[in-house]
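Residue numbers (this note's numbering), protein chains in the order written: chain A, 1 to 360; chain B, 1 to 360.
Derived from the structure by calculation, the hints contain no laboratory data.
None of the values given here were measured: they were computed from a predicted structure.
Hints may contain errors.
Copies of the same chain look alike in the list, so a pair counts if it fits in one copy or across any two.
Said to hold, decoys possible - For lysine-lysine, the following DSSO-like pairs were computed, each having C-alpha atoms within a straight-line distance of at most 27 Å:
1. K166 x K38
2. K208 x K349
3. K342 x K161
4. K38 x K349
What follows is each chain in one-letter form.
Protein chains: 2
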Amino acid sequence: MKVTYRGLLLAVSSSLMYLTMATSVSAAPFQALQPLPKQPPVPLDNPMSRAKIALGQQLFFDPRLSVTGTHSCNTCHNVMAGGEDGRAVSIGVNGKSGTRNAPTVWNTAFSTVLYRDGRAASLEDQVKTHLLSATEMGMPNEQAVVARIAAIPGYVSQFAKIFGGKEAVNYTNIAKAIATYERTLITPDSPYDRYLRGDKQAISAQAKRGLDEFQKVQCVSCHFWVNMAGPVPGLAFQMGEGFYELFPNYQGSVYDKQYQLAEDLGRYNVTGIESDRRMWRVASLRNVAVTAPYFHNGMVKKLEEAVRVMGKTQLKVDLTDQQIQDITVFLNTLTGKFPEQKMPRLPFKPNSSVIDLPLQ
Amino acid sequence: MKVTYRGLLLAVSSSLMYLTMATSVSAAPFQALQPLPKQPPVPLDNPMSRAKIALGQQLFFDPRLSVTGTHSCNTCHNVMAGGEDGRAVSIGVNGKSGTRNAPTVWNTAFSTVLYRDGRAASLEDQVKTHLLSATEMGMPNEQAVVARIAAIPGYVSQFAKIFGGKEAVNYTNIAKAIATYERTLITPDSPYDRYLRGDKQAISAQAKRGLDEFQKVQCVSCHFWVNMAGPVPGLAFQMGEGFYELFPNYQGSVYDKQYQLAEDLGRYNVTGIESDRRMWRVASLRNVAVTAPYFHNGMVKKLEEAVRVMGKTQLKVDLTDQQIQDITVFLNTLTGKFPEQKMPRLPFKPNSSVIDLPLQ
């Protein structure tokens, strides 16, 4: 299997750029399976605060960040559900679709890179590009985004309080606030996590068989560590250093055509580097039972089928129906506890619609 | 001014069909200005319960109720904001738009009829038609809606518990649950309400002048009673008896053309009755400062301009700039307290996307 990453995988070292809040960091021998931390790694230049989280939550749910006023971050990354939209590919503003399945926003705090092709190095970067994408939020430029938010007194006062300075409402701060909220979207205490922590009854006998298979057939060689997606920032990796796998790793199975697996060149489209052809960020398996459909193009509708396809294309194994059932039952133990949230209230511009203002 | 309604407006009588939970019902002399009750009128055949409200909230926020899985009730009636979408007209599934401005869902518990043309007699009826409208949720038929919800175990168990019976997940019960949640969307305790209850400092001197003007120039002749929209069910009116006004009442002003006020024939399109031409349900002024743009077609972007237009077209009055400012300041006192809500969690079908299931 072809896997690319930089940095020393087996050494657990904290990053200079990141202040890790995980309680389990140690220099202990490498354990491939680890419970999800309840606290995210936090970049030193964007510390978290209650006020910033609250602001970020409002912005995350605010459709006025899209050119038509119809799409918020939550439209395609629905935190009331699995953090995505249940569609093969999302529909952005003006009916436009991209070509990739929206990945979940849950537990992205533990991603080293964002987007399926790893083209954003941080949650902050990711926000900045989503807002300006013509197939997503569709805003024409950074100034237009800032103008929308700056037109709303209830936002202006929050930005001033949190970020200070004369031009507190700026593009970087908008991204920082949203990223801060996203770092709170963590689903700890899944049955799997409780099992790893020592509660032997937390998962069923079938799930335990599934976990054994998951390790034996080597699913775990990519889907490991706290987020079941390889390294996380602040532990072994620097933020922005992606952990990628070739997909399909073994080309030529019937699935390539059936699910159009090989058409999108993945990370190659970002870097133009030959060895990046069909390289994809390893996807987290956390909450995978609630984030159908599957794969970068959303072409596989059922988790059982996704397991079968992965066996064939990545590991060159024809998994038996029993193995697939067992692994799927195991994967269902990765559904964590979604934290309770208060619904935000969006501030307004009195007597005037903000999306009717002319764009710059 | 042409206003149509049935029933005896000045008598306060409780409806046989409705159990009113308002505490202020009495046979006292008619008072045009009344504070908003904190409890909604509730139809006897759809009593409220905590469990039903919680279910209705989940459904209200669930985009799987639309054919494409992209639009929930909340998409166009955003309860995190003013209960609408800040657009002139909404964009439904598949990029389709209707021709009318989405009215707010806040305080619709106090509406006698729903839709701007009054074509739904209850909140329950309104849900049923929205789901099947090609320009809104776009579901092909009732069975398809029921099949979507019935595919989700977490919904099935709730319906069974709340409604009982073998086929608890049915179209009527889906509508009942959503309508029940909508009845909780009440914004009491605005400065205006506190003023009416005796707190003379609750609104400014300018707002008091505005309130005087509002009464003197006769805005109040349509915008009265608890919802500032005429009668409410369970007080004088039966549910389903609409309170309509002709708009524009005085045709021929410059605004007819500027804002295309006379093109939509309103209630006439529903009934075909000549006297219903350009009759519109009187809109509530509650929270009007946060629900721009204005009027049935959303063509007026600012509240001040909406006041100016209403003076000219409805009352044949050229309001002065001072009057308009004062009335606008008064209207801003009608912004109530939006209740805190917990964000719902949407139940899921394990390992499978629901919107990928074939439609019936």
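**OP:** Would you pick out the hints that fail for this structure and give their numbers low to high?
**Re:** 1
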